[in-house]
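*Asks:* Start from the sequences and build out the full structure, keeping to the hints where you can.
Protein sequence lines correspond, in order, to chains B and U. The opening residue of the first sequence carries number 19 in this note's numbering; numbering runs sequentially from there. The opening residue of the second sequence carries number 11 in this note's numbering; numbering runs sequentially from there.
Think of the hints as simulated: they come from the structure by calculation, not from any bench. Glycine included, every Cβ here is placed at the ideal spot set by N, Cα and C. The reader is advised that the hints may include incorrect statements.
Partner residues are not named here, just some residues of chain U that face chain B (Cβ under 8 Å, in silico) [said to hold, decoys possible]:
| id | residue |
| --- | --- |
| 1 | Phe-94 |
| 2 | Pro-98 |
| 3 | Gly-107 |
| 4 | Leu-194 |
Derived DEER-like restraints, expressed as beta-carbon distance ranges [claimed, not checked]:
| id | chain 1 | residue 1 | chain 2 | residue 2 | range |
| --- | --- | --- | --- | --- | --- |
| 5 | B | Arg-79 | U | Pro-280 | 55 to 63 Å |
| 6 | B | Arg-161 | U | Ala-36 | 33 to 41 Å |
| 7 | U | Val-39 | B | Val-215 | 17 to 25 Å |
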Amino acid sequence: MLAVALRQCRLRLAVAGAGLAALAVVVAVAGPQVAHAYDDTVANCAASHDCALAAAALRTRYGLLSGWLDVVVAAVPVLLGMFWGAPLVARELETGTYRLAWTQGVTRSRWLLAKLGVLTLGAVAAAGVASLLVTWWAGPLDRVAGTPFASFATRGVVPSGYAAFAFVLGVAAGVVLRRTLPAMAVALVGTVAARVVVTVWVRPHLFPARVLATSAVSVGPLSPGLPLPAGSWVLSQSLLDRAGHVVASQGGLGGGGLTIDIGPGVRLGSAGSCPNLRVTPGSIPGPQAIGALVQRCAAQLHLHELVTYQPAGRYWPLQWAELGLFLAAAVVVGAAAWWWVRRRLV
Amino acid sequence: MIPVAWRQFRSQAAVATAALVAVAVALAVTGPHLVDVYRAGLAACRAQGTTGSNCSNPVAGADRGLQVAVLAVVLVAPALVGMFWGAPLVARELESGTYRLAWTQSVTRRRWMLGKLGVVALGAMAGAGLLSLMATWWSSPVVTAAQNRFSPGQFGLLDLVPVGYAAFAFSLGAATGVLFRRTLPAMAVTLAGFVAARLAVTYWLRPHFMAPVREVLPLQDAGIGLVVGPGGPTVVGQAPPLPNAWVVSTTVQDAAGRAPTAADLRHACPDLPGIGTAGPPAGPGVGHVSAAVPVPGGLKAPLQQCVATLGARFHDVALYQPADRYWPFQWFETLTFVAAAVLLAGAAVWWVRHRMR
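*Replies:* Shown next as structure tokens:
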């Protein structure tokens, strides 16, 4: 049965192999260039005291290619679900070839398991290789950006989980709907929906978020950065007044910023105002002066900030947890498809 | 033929209508918030005495996830039309054998093809137009604040062009379906072909629709960037402040068109670290001189001196597409894609009439 399954998907494996080879060529050509540019600019930026501009120069140069490679890694699982998963059983049902297959010496469940097994492994491997190539290529850019969680979904091991889930979802949709085209549409919409739900609502809560209460207030221009380990993922940020009421928040869903009025005196939105802080009449204060005024006013009003975050050290635990989540979902959906083929089909 | 084509297209049209209604509801609910953020940002900026393009409006950061989602929907919609409407249009009839019944009726193959193509193409263009209209309305505060209408993320996803993309993707799908006679390979080729066509037009064709305008600016107005590389210092032009224009290139050159040499720079900027004789030895690094980019306090005076000396001989030459060419470019790109769609559809009809069976 394994041999038949392999023979049936030769073309698909060849197309995927060609696509990965093309990606490998792009990465192999552009990889040393990025590493060289990194050594040229950022590695020695401390000598010229201008690391921000050196990082910006590197980002401008490779931002476009990096964006497109991210799109490729994000698209691979969806394409595998649509073009490998959905037609796997649906095409046999549409064209009637299942009649021949099911009247041989192989049981239906072994027939489905062999098909599912071979191609799930293929999908996991294809997405894993694509992610590995791009993760390696973007290494210098990611180091410069310093925000590993911004590219979480297109690096490391999670794309393999997405691919396994998308593929099995496509197969299950084909089994239930018995038609290829609607199954492809379901694989597309279902995978995108699952990715969005996990990204927005599940990933931030896979591990309990850490909480930081600080008197350093990060509002206004040139405000001091949050005292967090570098590369942490800030989930939400709230500004609280003395009584503990939230006066402004950002991050998460919704939330509103704080309007700063610098006129005669300083007013920080609904948090209150500091009429004693005066701007020299007739002059427009620069960002530095506004920042200092805001900080002083915040201290006068006893404002403090509450930050929830995932520390940078949780990057890999979160990667493995999200991979496990999607693999578990793939197993559940795959078992449902298997049950449907054995009990409900024909 | 048209009633038959419509009946075959009904379920796809129903799915698309449902999707459009869902998008419309989502945008109608979230749209007013963006307008509020935009107005508040503009008011706060004006209150600080800043005017015009110097106002960075917080609207760009508001509802970031939604902004990306809306643009992503407009981006993929034409590809989906090509894959799910175009590719199966003829290929499914060929695969399932229903073409035998269709072709033995009183309708000629030409009218059969034209009826199918016409009905679905009109549906695709109308759907894409509606979607683009909604996205354009929803993101108008963001577009107004960004003042960068030619950027690929805005030009190719708003206003008129999505209609052209949808027509092209649909025709491409129909033509590959006719050629391959099988739905799945036709869908894959349609996706790849559409992405390739979009990339090629965006990065290679669009910059050449019209010859860019050349403008010579004094260095003091435009600002310059200084890059210190292994081969000595070089100078880079900064983009001039032209809201909504598409700046193709900016170079610093003298009346004869020559860029300043490393020797010129050392002569003009003797006090800058890394360039002149003063300061630490020349190491790799980047420095920028411009009104917009803050420079460390100690460097301000030598930089201004440097720009003034260089500005006596050199100018900033900017090549750009002015903002008022936005609509000519929109029409040009839309008509290019529609023309390609008509050619592909014609080829598909010809193939069905002359090369099949």
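*Asks:* Which of the numbered hints above does this structure break?
*Replies:* Hints 3 and 5 are the ones this structure does not satisfy, whereas the remaining hints hold.
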